[in-house]
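So the sequences go chain by chain: Y and H.
In this text, residue positions in the first sequence follow this note's numbering: the first is 280, and each later residue adds one.
In this text, residue positions in the second sequence follow this note's numbering: the first is 280, and each later residue adds one.
Because the hints were derived from the structure by calculation, they are not lab data.
The beta-carbon is built from N, C-alpha and C at its ideal position, and this holds for glycine as well.
One thing to keep in mind: the hints can contain errors.
As the list claims (entries may be wrong) - With beta-carbon atoms standing in for the labels, derived distance ranges:
#, chain 1, residue 1, chain 2, residue 2, range
1, Y, Gly553, H, Arg328, 54 to 62 Å
2, Y, Gly331, H, Gly646, 57 to 65 Å
3, Y, Asp327, H, Glu296, 43 to 51 Å
Said to hold, decoys possible - Capping the alpha-carbon separation at 25 Å, the derived lysine-lysine pairs in DSS-like fashion look like this:
#, chain 1, residue 1, chain 2, residue 2
4, H, Lys595, H, Lys616
5, Y, Lys666, Y, Lys488
6, Y, Lys601, Y, Lys617
7, H, Lys500, H, Lys488
8, Y, Lys342, H, Lys367
9, H, Lys488, Y, Lys342
10, Y, Lys518, Y, Lys500
11, Y, Lys309, H, Lys304
12, Y, Lys488, Y, Lys617
13, H, Lys309, H, Lys518
14, Y, Lys666, Y, Lys389
15, Y, Lys342, H, Lys551
16, Y, Lys304, H, Lys342
17, H, Lys389, H, Lys367
18, Y, Lys367, H, Lys342
19, H, Lys389, H, Lys595
20, H, Lys605, H, Lys551
21, H, Lys488, H, Lys557
Unchecked claim - Selected chain Y positions facing chain H (Cβ under 7 Å, derived; list incomplete):
#, residue
22, Asp303
23, His369
24, Tyr556
Number of protein chains: 2
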Amino acid sequence: MALIVQKFGGTSVGSIERIRNVADKVIASKQQGHQVVVVVSAMSGETDRLLGLAHAISPNPDKRELDVLLSTGEQVTIALLSLALYEKNHSAISFTGGQVHIRTDSAHSKARILEIEATRVRHALEAGKVVVIAGFQGIDDGGNITTLGRGGSDTTAVAMAAALHADECLIYTDVDGVYTADPRIEPNARRLDRITYEEMLELASLGSKVLQIRSVEFARKYHVPLRVLSSFAEGPGTKIVDEEESMEDVVIAGIAHNRDEAKLTIMGVPDKPGIAYKILGPIADANIEVDMIVQNVGVDNTTDFTFTVHRNDFAKSMEILKQTSKVMGAREISGDKKIAKLSIVGVGMRSHAGIASKMFGALAAEGINIQMISTSEIKISVMIDEKYLELGVRTLHSAFNLETNG
Amino acid sequence: MALIVQKFGGTSVGSIERIRNVADKVIASKQQGHQVVVVVSAMSGETDRLLGLAHAISPNPDKRELDVLLSTGEQVTIALLSLALYEKNHSAISFTGGQVHIRTDSAHSKARILEIEATRVRHALEAGKVVVIAGFQGIDDGGNITTLGRGGSDTTAVAMAAALHADECLIYTDVDGVYTADPRIEPNARRLDRITYEEMLELASLGSKVLQIRSVEFARKYHVPLRVLSSFAEGPGTKIVDEEESMEDVVIAGIAHNRDEAKLTIMGVPDKPGIAYKILGPIADANIEVDMIVQNVGVDNTTDFTFTVHRNDFAKSMEILKQTSKVMGAREISGDKKIAKLSIVGVGMRSHAGIASKMFGALAAEGINIQMISTSEIKISVMIDEKYLELGVRTLHSAFNLETNG
C-alpha cells in the first residue's frame, strides 16, 4: 500500500462530467490499495469569472479580499469532487487550505507555504477516506486566507506530498509528459521517461508550462518523487527525479523556447563604473523584470548595453530608457519585439565539452544569427530573430539526436 | 457613537450595482459616526446555482460537502462588498463564519449557533474598519464548515449583534417593514412602527416571511434591538422590541394568513385512550409536521379526529391515514387541500376580553364558516375555506380598526 498525492488542474475538473472522470481515476488508485490525497484547482473559467466580478467593482482590488474571493473557486471543486466520490460509493472528505493548516506567509496573491500540519489528513486517510484538498490556497498566522498565485495548486500538491512523506506525487495535466521539444513545432519530439529536478526547473523558467517552477523547487528540496501525466489519456508520463550518475550520459534533455521577450538597447553610453545600475535601476523601480543582459565595449570609451524584458513591459521600458538616455548622454536607443529565446537544457553538459559550439555551429549552418547568449551550468540560451524560431528548434533537436535517445 | 449590525439579504446584493448601493448605505452609517458590522447573504441565484451543480452530481448530496459548497456563496459576497467599500475609500475586512468563530453544532444544513468569539471583530472595529461577515455559515468543534439553513443570515446578524452587545441590528430586506396585513390583499394595511418579539414570532410561525423565526427567538432571548427595513427605499422600518406596558393598548398588531396547509379527517374512530397517538404517531414517523389538531366526540362512542399538515405532505399523509384507518377500524377518512389559515396576533389579547368572539362574529357576518380554531396567549387562528381568504383578511383588518391605530 502506497500513499499517493494526485493533482488535477482546472481543465481536468472543468465540468461535471470531467469531475466524474477524475473521481474514476482516484477510485482506480484506491482500488489498487493505495491511500489517496487529491489536490484540485478551480474549474477552468471560474477564476476568471471571479476576477471579472472583482474588476467590475475595483480596477485595483485589495489583495486580501481578492484572495477571499478567488479561494472560493477551489472550495467549490473539492465539494463537487467529494460528492462525485460519494456518488460512486467511496467515502471522501474535503478540506480547504485553512482547514488542513497550509500555513503561508502573508503575501496575498503570491504567498509562500511555510508549513503544513498534516495530522488531520492522516487521520482521514487512516479512516479509509479519500482526502480532497483545495489547491492554491492557505492561511497566514492571522488566520487570513491567502493564495499562492496562478499554478499554485502544483505547489500545494508537492508540499502536501512532502508533509505526508507520500510515495509519489502525480500531476495530471493536459499533456502526457515532458517532451524533448514542443511537439507542435517538432513532430519528432519525444516524451521523456525521466528528467532531473534541475532540468525541469530550467525548462520551467525558460517557458515550459508543464509544471509551475515553485512546485519543482519544492519537490527538489524535499525529494518528492514527482510525475507529470495526462488526465485525458493513459500512459506513464514523465518522472521528475533526483540526478543519478547514469543520467549524465544524456547530454541534452530538451529544448525550450519562448517568444515572450523583447530587447532594448542603449548605445554610446560613456563607459564609467555603475552604468548597469544607472540603466537597470529605473527599470527595476517600475517593477519590471529583466532577463538577459549583455554589455559590449563600443568605440571612443563608450559602451553598448542590451537587455530583455517581458513583451508586455516593452512600451513602458522604452519610455523609461528614453529618460535614462537623456540623463546619461547616450547616443541612441533601439528596441525589438520580434525576438525569440531558444535554449538547450541538460545535466550532461557538466561533464561534456563542446556543447555550446555544437549548438552555435548548427544554428550558423542554417543561417540563424545569434543576438545574445546566456549560459548556466546546465543550459545555454540564445536570443534569435523570431522568424527563425521553429527552424531553430528543429535544427537543434536534430543536431543533438533528441528524436532517438539524446 | 453606536455599534450597528446591518444585514443584507440575497436580493439586496444580487448584482455588482446593488453591492455598490449596499456599500453606500454602510458608508452613510459609518459617516454618522457608528461602528458598522455587515452580515451578507449569497448573491440571489448563487445558492440555487451551487445546488444545481451538486444535484447534477448527486440526487442526495452528502450534507457536510454540500455545506462546503454552499458556504462559498456568502464568501464571494463578503469579498465583493469589501472591495466596493475600499473602492469608495473606506477600509474594510471580510470574515467567513469560521474566521470569526461562529461555533455551531454539527447538524449540517441546519446547524444551530452555540457561541461567537467576537474578539477579532472588535479589534477590526477598533482599527476603524467596516467588518463584513458571511451570513448563514459557521464551524463546528471539528473545524468543519456548517450552514444554518435558508434564511440563516438573519440569525447570524442577530447572534453577532448579541455577541457584540450592538446598539441595534438592522435587517434590510425587500419590504419596508412589518405590516398589519399583507398589503397585496389589504390595500389599507399599515406599516407598524414597532412590534414585540412575541408578536413577531407568532407572525413568523404563521407564515410571514419578513424575518426568519430562529433569528427572532435569538433576538428575544438576548434582548437585541431589531429593526426591519427596506434596502431599496428610505424609511424607518419596523422596530422589534421587548414588550412594554403601553403596548397592551394595541389589542391586535396584525393579521397573518397562510395557504400552505391541508386538512385530513378520520371519522368514526372507537373512542379509547391513546387514539391521538395512534393516528399521529405514523405521521410523525414519516417526518411530517402537524399543525392544528381537533378532536370531536362523535356518535356511538366513536370520535372524529382532524389535523392539518403542509400541502406538500398531503398525498403522503392521506396514504398513511388510509392504513391507520384500517388498523383502527374507522368509518371513513377525508381530506381537503383548499383551506387557508387566518390569524390575528397581539399581546393586547392578554388583557382584553372578547377578542375571539369579535373575530368569529365579524367572519360570520360575511358568511365565512370556521372549520377549526387554535389559540395561544397572543394569537387566534381559524381555518376557513381558501376562497374566503382575501375577504377574511379585509374583514378582520376593518373589524379591528387596523387601518388607523388598532
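Hint check:
no.: 1; hint: Y:Gly553 - H:Arg328: 54 to 62 Å; result: holds (59 Å)
no.: 2; hint: Y:Gly331 - H:Gly646: 57 to 65 Å; result: holds (60 Å)
no.: 3; hint: Y:Asp327 - H:Glu296: 43 to 51 Å; result: violated (21 Å)
no.: 4; hint: H:Lys595 - H:Lys616; result: holds (13 Å)
no.: 5; hint: Y:Lys666 - Y:Lys488; result: holds (22 Å)
no.: 6; hint: Y:Lys601 - Y:Lys617; result: holds (20 Å)
no.: 7; hint: H:Lys500 - H:Lys488; result: holds (20 Å)
no.: 8; hint: Y:Lys342 - H:Lys367; result: holds (16 Å)
no.: 9; hint: H:Lys488 - Y:Lys342; result: violated (38 Å)
no.: 10; hint: Y:Lys518 - Y:Lys500; result: holds (16 Å)
no.: 11; hint: Y:Lys309 - H:Lys304; result: violated (53 Å)
no.: 12; hint: Y:Lys488 - Y:Lys617; result: holds (21 Å)
no.: 13; hint: H:Lys309 - H:Lys518; result: holds (21 Å)
no.: 14; hint: Y:Lys666 - Y:Lys389; result: violated (35 Å)
no.: 15; hint: Y:Lys342 - H:Lys551; result: violated (71 Å)
no.: 16; hint: Y:Lys304 - H:Lys342; result: holds (24 Å)
no.: 17; hint: H:Lys389 - H:Lys367; result: violated (36 Å)
no.: 18; hint: Y:Lys367 - H:Lys342; result: holds (16 Å)
no.: 19; hint: H:Lys389 - H:Lys595; result: holds (24 Å)
no.: 20; hint: H:Lys605 - H:Lys551; result: holds (16 Å)
no.: 21; hint: H:Lys488 - H:Lys557; result: violated (34 Å)
no.: 22; hint: Asp303; result: violated (13 Å)
no.: 23; hint: His369; result: violated (11 Å)
no.: 24; hint: Tyr556; result: violated (36 Å)
The structure shown violates the earlier hints numbered 3, 9, 11, 14, 15, 17, 21, 22, 23, 24.
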